[in-house]
Amino acid sequence: MTNLEKYNSILKRDLAVRDEDLNDERLQYNNTPNWDSIGHMDMVSDMEEAFGVQFETLDIMSFSNYTAGIEILRKLGVQL
Amino acid sequence: MIFSIDKTEPSRAALLAENGQVVTYGELTRHSARIGEMAGGKCLVFCLCANRPGSVVGYTGFLSSGIVPLLLDARIDDGILERFRELYRPSLFWVPEEIEIHDAKRIYAVLGYTLWKTEEAPYPLHPDLGLLLATSGSTGSPKLVRLSVRGVEANAAAIREYLGLTEMERPITTLPMNYSYGLSILNSHLLAGAQVLLTEHGMVQKEFWDFFISAGATSFGGVPYTYEILRKMRFTRMSLPSLRSMTQAGGHLPEALQKEFGEWAAGRGVRFYVMYGQTEATARMSYIPPEKCLNKIGSVGRAITGGAFHLIDAAGNVIENPGEVGELVYSGPNVSLGYAENTEDLGKGDERGGVLRTGDYAKRDEEGYYYIVGRAKRFIKLYGVRVSLDECEKLLKERFRDADFACAGADDHLIIYATKEETRTPSEEYLASTTRLNRKAFQCKVINAIPRNKAGKILYSELGGTRDEQDTF
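Residue numbers (my numbering), protein chains in the order written: chain E, 1 to 80; chain P, 1 to 473.
Hint data in this document are derived by calculation from the structure and do not stem from the laboratory. Hints may be right or wrong, so weigh each one.
Here's a subset of chain P near chain E, in silico, CB distances under 7 Å, partners left out [said to hold, decoys possible]:
{"#": "1", "residue": "Gly202"}
{"#": "2", "residue": "Val204"}
{"#": "3", "residue": "Lys206"}
{"#": "4", "residue": "Ile229"}
{"#": "5", "residue": "Lys232"}
{"#": "6", "residue": "Met233"}
{"#": "7", "residue": "Arg234"}
{"#": "8", "residue": "Asn438"}
{"#": "9", "residue": "Arg439"}
{"#": "10", "residue": "Lys440"}
Backbone N, C-alpha and C define an ideal beta-carbon position, used for all residues, glycine too.
Chain E extracted, bound-state conformation (with noise of 0.2 Å):
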């Protein structure tokens, strides 16, 4: 599985949303319905297992929608 594969993977899951809708129009926080604080907070936490990461306090504040996620992977070290 790719990097990319992998990030898409878990907002699949935790955010219960399919492929069409992995952009920014549809995913962004508070108007996605399942990321809220909590399934941010699970994202955050998934995604630092998956790759061996550790978001840092603004990162976790930054990640606000598709892309977001992707840039600060990228700005921690991961291939993307």
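Here the structure of chain E is known, so what remains is to put chain P in place on it, guided by the hints.
For chain P alone, coordinates are given in the frame of chain E:
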């Protein structure tokens, strides 16, 4: 006017919104008076609440003029709102301007909120009735708590006193105002003449903390899950020089979190209040004084000023000995008038006489601190939101007519027992989407049959495989 808003220096800010909008106490008083006039005489109004200035001025306007609001979340499911409307037939709606109300006319608008008049004629409401809050609004349970203005003000005054609130406070919103705990923060701070910072952003968002810092927030409240999030966000490493106090209510805070935040707060000179309450008592019944926080871990504290706790045994006799378990009974001026399940009930007066059986089992220590050990009522807290298990069962049975269901669970974890495999995922999804709560809170287990006694009552004790409901408060 309510909370003596007209007695605070009119030029002082009462509400500060994230977009820079300021509402002074003078403006709050004027808008409240105008909204009261536009609403006409005593009647029922549905307020669809958000943490915005318009939502607050409607609330203070209705309470100041004897109009009875039912507070609901502006993001409520349409079907559930319709059920409430059919049952309670409100004469008015107070809603964010982007929301349209069918079969109603716009009669007034201010600060981004609109007053709609329906075709329903007002019906008799008891003179003491001042405010209605839902017991389990997200599931659409028709059961409401009837509150009096006197009780709401008494609770606000007690909270102001024990938290030592002054006009220098600047609490930031972290909870909805239709939720009794969130509302109690608003009420007590308006009474203190403080400035309330209104934001619709959540604590995991940068915008929230930018506003927190730029506006100099002095306090916030949180449910147990809030403190879990803050721990994961490494909150204790953030630099928040304006923070003076934090409060916690809305369910039992895990002891490790109480210890961690208690120690951090003690080291920083921040006051950390662990508290306990119920909507049936307007909001607050007890708290642990911050200096006792680390000595009384797991306790719900002592009763607030003007209130008192006692314990009763199964026969209703008062338990005097420390360490003995009994049902926790609260008495005080903030106890609600009773419940309502239909329009007729809104004509009823005080049925409780200032005494509330909490439905929680507790014991008392030698120093008069209370510890909850179990719960009698079929309610659980999902991320601080009170959810009726019976109402969830009803929703599922109405939706999936061929299957049988039972709901059980503990805080933050509702278990659906279903008799049909094909309802496993749909039942979880249905409850999550209807209640607008995160799907993670719902887990379905498929079993052959729901255990029942001869009278058809579900035997929850035989469902097993879950944490015991009585142990988890």
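Okay, the hints, checked on the actual structure:
no. : hint   : verdict
1   : Gly202 : 5 Å, holds
2   : Val204 : 5 Å, holds
3   : Lys206 : 4 Å, holds
4   : Ile229 : 6 Å, holds
5   : Lys232 : 6 Å, holds
6   : Met233 : 5 Å, holds
7   : Arg234 : 5 Å, holds
8   : Asn438 : 4 Å, holds
9   : Arg439 : 5 Å, holds
10  : Lys440 : 6 Å, holds
Checked against the numbered hints above, the structure breaks none of them.
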